[in-house]
Amino acid sequence: MKRQGFDRALRGVGIRDYQLILPSVVCSTRIASRIANEVGSKTFAHQHGCGIIGNDVEGISDFFCDLAKHPNVGTVLIVGLGCETIQGNELAAKVKESNPTTSYLVIQESGGVAGTFNDGITAAKLLKSTYPPHLKNLDELVVGVEFSNSNSEIESLIAELKASGIKFEIADQNKNPGLNFSELMRRGVHLIVSFTEPNQPPSGFPLIPTINIASDSALHSALAKEFDLPNGSTSSAILNFILDVADGKETKSELSKAGEIIAPRVVRSV
Amino acid sequence: MSKSLTGYPRADGRVGFRNQVLVMPLHSALCATARRISEESAAVAITHDWSGEIDADFARIFKVMTGFAANPNIFATIFLTLGTPGELEIIDKSKSIGLSNSTIVNVSEIGSMELLYEIALKEAISYLALADQVARVSVPWSSLHLGLECGGSDALSGITANPALGVASDMLVELGAVSVLGETTEILGAEHLLAARALDPNVGKQIIETVARYERSINYEGIDMRGAQPSRGNIEGGLTTLEEKSLGAAKKAGSAPFTGVLEYADPAPKPGLYFMDTPGHDIEQLTGFAAAGINIVVFTSGRGTPTGSAVVPTIKVSTNTQMALSIPDLIDLNAGTIADGTQTLREVGELIFNEIVDVANGKLTAAELGRHQEFSLSRMYGTQIN
Numbered sequence: 001m002k003r004q005g006f007d008r009a010l011r012g013v014g015i016r017d018y019q020l021i022l023p024s025v026v027c028s029t030r031i032a033s034r035i036a037n038e039v040g041s042k043t044f045a046h047q048h049g050c051g052i053i054g055n056d057v058e059g060i061s062d063f064f065c066d067l068a069k070h071p072n073v074g075t076v077l078i079v080g081l082g083c084e085t086i087q088g089n090e091l092a093a094k095v096k097e098s099n100p101t102t103s104y105l106v107i108q109e110s111g112g113v114a115g116t117f118n119d120g121i122t123a124a125k126l127l128k129s130t131y132p133p134h135l136k137n138l139d140e141l142v143v144g145v146e147f148s149n150s151n152s153e154i155e156s157l158i159a160e161l162k163a164s165g166i167k168f169e170i171a172d173q174n175k176n177p178g179l180n181f182s183e184l185m186r187r188g189v190h191l192i193v194s195f196t197e198p199n200q201p202p203s204g205f206p207l208i209p210t211i212n213i214a215s216d217s218a219l220h221s222a223l224a225k226e227f228d229l230p231n232g233s234t235s236s237a238i239l240n241f242i243l244d245v246a247d248g249k250e251t252k253s254e255l256s257k258a259g260e261i262i263a264p265r266v267v268r269s270v
Numbered sequence: 271m272s273k274s275l276t277g278y279p280r281a282d283g284r285v286g287f288r289n290q291v292l293v294m295p296l297h298s299a300l301c302a303t304a305r306r307i308s309e310e311s312a313a314v315a316i317t318h319d320w321s322g323e324i325d326a327d328f329a330r331i332f333k334v335m336t337g338f339a340a341n342p343n344i345f346a347t348i349f350l351t352l353g354t355p356g357e358l359e360i361i362d363k364s365k366s367i368g369l370s371n372s373t374i375v376n377v378s379e380i381g382s383m384e385l386l387y388e389i390a391l392k393e394a395i396s397y398l399a400l401a402d403q404v405a406r407v408s409v410p411w412s413s414l415h416l417g418l419e420c421g422g423s424d425a426l427s428g429i430t431a432n433p434a435l436g437v438a439s440d441m442l443v444e445l446g447a448v449s450v451l452g453e454t455t456e457i458l459g460a461e462h463l464l465a466a467r468a469l470d471p472n473v474g475k476q477i478i479e480t481v482a483r484y485e486r487s488i489n490y491e492g493i494d495m496r497g498a499q500p501s502r503g504n505i506e507g508g509l510t511t512l513e514e515k516s517l518g519a520a521k522k523a524g525s526a527p528f529t530g531v532l533e534y535a536d537p538a539p540k541p542g543l544y545f546m547d548t549p550g551h552d553i554e555q556l557t558g559f560a561a562a563g564i565n566i567v568v569f570t571s572g573r574g575t576p577t578g579s580a581v582v583p584t585i586k587v588s589t590n591t592q593m594a595l596s597i598p599d600l601i602d603l604n605a606g607t608i609a610d611g612t613q614t615l616r617e618v619g620e621l622i623f624n625e626i627v628d629v630a631n632g633k634l635t636a637a638e639l640g641r642h643q644e645f646s647l648s649r650m651y652g653t654q655i656n
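Chains as they are written, first to last, in the numbering used here: chain A, 1 to 270; chain B, 271 to 656.
Don't read these hints as lab results, they were simulated from the structure. One should not assume that every hint holds.
[What the hints assert, rightly or not] For lysine-lysine, the following BS3-like pairs were computed, each having C-alpha atoms within a straight-line distance of at most 27 Å:
hint	chain 1	residue 1	chain 2	residue 2
1	A	K252	B	K392
2	A	K175	B	K363
3	B	K333	A	K175
4	A	K162	A	K257
5	A	K257	B	K392
[Said to hold, decoys possible] Okay, the calculated bits of chain B under chain A, using three or more residues with CB under 8 Å as the criterion:
hint	stretch
6	390 to 404
7	645 to 653
This one's a predicted model, so the numbers in the text were calculated from it and none came from an experiment. Here a beta-carbon is modelled for each residue, glycine too, at the ideal position from N, C-alpha and C.
Kindly generate the complete structure, drawing on both the sequences and the hints.
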C-alpha cells in the first residue's frame, strides 16, 4: 500500500501539515504565539536571535532555516522585531531559498503589538489559502531513533526497520534529549522514536511526532499513562505504531504539546 | 516628591509591588502545561529549555530559578515538578530565600499531564482569589529595587531617555531606594567613568575588572565583541561605535555614587546604586534582575520592544517621538520630547520618577497589559571565564 503525505516539492513529502510561525528573536515569541493560537499553527518559545556572537549567529540562523525546511512544515511566517541580530527579512530571504512559501513581518514596522497581531493573522491565513496542501505518495519514510544507552530492545527495533526497508537516523550523542530531537530534525526525519532516558519524562518536538517508549524506571512507571508504548514493547509493536503515526495517529506528546525546541548554542550571550 | 509608595510586605522583610501567582515549570517538558494555565487564568508563567542537566551551567541556572521563583512581587509560586532531587533543591532554596506561599504539584505522583494541568490550574485560581483580598499598605522607599535597562538603542538614547532615567534613578537613590545598572557589554569603554564614582576604591576596581573579565571571556573564543556591539539595529538607529553606545547606556545610572558590584542575579544588600554583571541580551538581563529581587524595571528603547517579565513590571521609555507615535502600544512614556525641545531633561526625569511610583502603586505597564512574560536562562555554553 502506498502511503500518502504532503507534497513539499524539493523539500520532500511530509507526514504532517503544519504552518510554522517562526519568531526570529525572543522578543517576538509572544506575538508569534498569539498569532499561532489564533490560526491553529505551530510556534515555539526560545531565547535566541539577539545578543549572539561568533558561530552562534550563523548557527542559530541555519537552525531556524532547517526548521522551515522540514517536510512536516508547509508555509512559514517569520515574525521579527526589527533591531535584532538575526534580521527577519534576511532570515526570510535565506529560508525562501529552500521553502518559497515563506513570508515575514516586523513588529517595529507593523504598528506595534496590535498591528503585528492583526497583520500576522492576515498573513498566516493568506499563506494557507495561497498554498493549500497537496497529497503525494510518500516513497520513503524516515524514522529518527533517539536514546542515551543502547539495549536489546533498541537493537531489535533497528533490525526490524532494516528488514522492513525503512530508512532510519540515530541520535545518541547528546545527554539532552531535546538536542537529540533537534539533531534528528536537521536530518529530516518524519517522526521520532524516543527510548526515553530513565530519568527524563516523555517529551516531544513540536514539528515532529514523537513516540515515547518507557523504561522500567520508577519515573516512567509513575508516568506510564503518558508513554505511547510500555517498557519491553516488541519491535513489531513499535513498528506498527510507527506506521500508524505516519498515517496520522497522534502521539501522546502531540496531544499534550509537551516538549520545547532546543537550539544548539556555543557561546554566551553579549 | 510628595508621592508615596504602597505595596505588599513579605514575611522576610522584602516588599512586592505586585501580587503575582507564578506557575513555575521545573523541567522543559512541563512548560506547555504552565503556559496553558497562564492562558486560562490571570496567573503568570515562564517557559525555558532546562531539562534537569547538572552541568557547568547548573549553578547559574539554579541561582536564577530560585531567585526568580522567590521574587517579592510574587504572592505564591506553583511549582510543576517531576520530583527529582535537583528540582526539589530549587524549591527548597526558593523557600529559604523568602517565598512564603507555594504549592508543589508533582507529576510523578499524579501520573498524568492532564491532571497536572487541572490541579495546578485549581491551585492558581485559589491563590489568585486570596491575593486579591490582600490590601496594599504604605512601604518605605528602601523597599523599591529598580532595574535600569536599555535595548534597541539609537542615536538619541544617550541624550534623551537614558539621562532622563538617570535623573529618576538619582532621585530614588537619594530617597533610600536600590537602583541597579546592568549590561556589562554595554558599559565597555565607559567603565572608567563609572569606576570613578565608586564610594569605595575597591568597588571601582571591581567595576573595571568585571568589564575586563567579560571581554576576556569573549576574546577567549577568538571573537571580537565589537563585531556584535553596537548591534545592527543600533547602527541603523544612528549609533556608530561601542564606546558611543556605552557612554549613552551608562547615563541610565545618573550621577549617584556606586555602592557596590553584584554578580549576575545577586540581590543588593542595602540601599544605593549598584552595577550588576549581566549580558546586554535584554531578556537574560531582565531575568537576572528579577532573580535578584528587583521589583520594578525601566527599559529605554530607541527602536521599540514589547518584552516584559512575568514577575517584574517593566516600564518602556521611548528615546524618540517618532517611535512612540508609530508603535504606541509598546511604550509607556516618551522621552523624545527632550530632543523635540518641548520638555527639559529634568522634566522628563521627574515624569519617569512619577511613572515608577505610579506603576509601583499598581498602574499596569504596556508589557503587563500585553501579558509579555519573556524569560531566558543565561548560560555560558562552555565559554570560559579566566
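Review point. Has the given pair, K257 (chain A) with K392 (chain B), been kept, meaning a C-alpha gap of at most 27 Å?
Key: Roughly 20 Å separates the two Cα atoms, so the pair holds.
Exercise for review: Would you check the hint for K175 (chain A) and K363 (chain B), treating anything up to 27 Å between C-alpha atoms as holding?
Suggested key: 26 Å, holds
Check your understanding: Regarding the pair K162 (chain A) and K257 (chain A), is the alpha-carbon distance no greater than 27 Å?
Key -> 30 Å, violated
Check your understanding: Has the given pair, K252 (chain A) with K392 (chain B), been kept, meaning a C-alpha gap of at most 27 Å?
Key -> Roughly 23 Å separates the two Cα atoms, so the pair holds.
**Study point:** Given hint K175 (chain A) paired with K333 (chain B) - CA-CA distance at most 27 Å
**Key:** 22 Å, holds
Review point. If you look at each residue in the stretch 645 to 653 of chain B, do at least three have a Cβ nearer than 8 Å to any Cβ of chain A?
Key: holds (count 9)
Check your understanding: In terms of beta carbon proximity below 8 Å, does the stretch 390 to 404 of chain B have 3 or more residues touching chain A?
Key -> violated (count 0)
When each numbered hint is compared with the structure, violations occur for hints 4 and 6.
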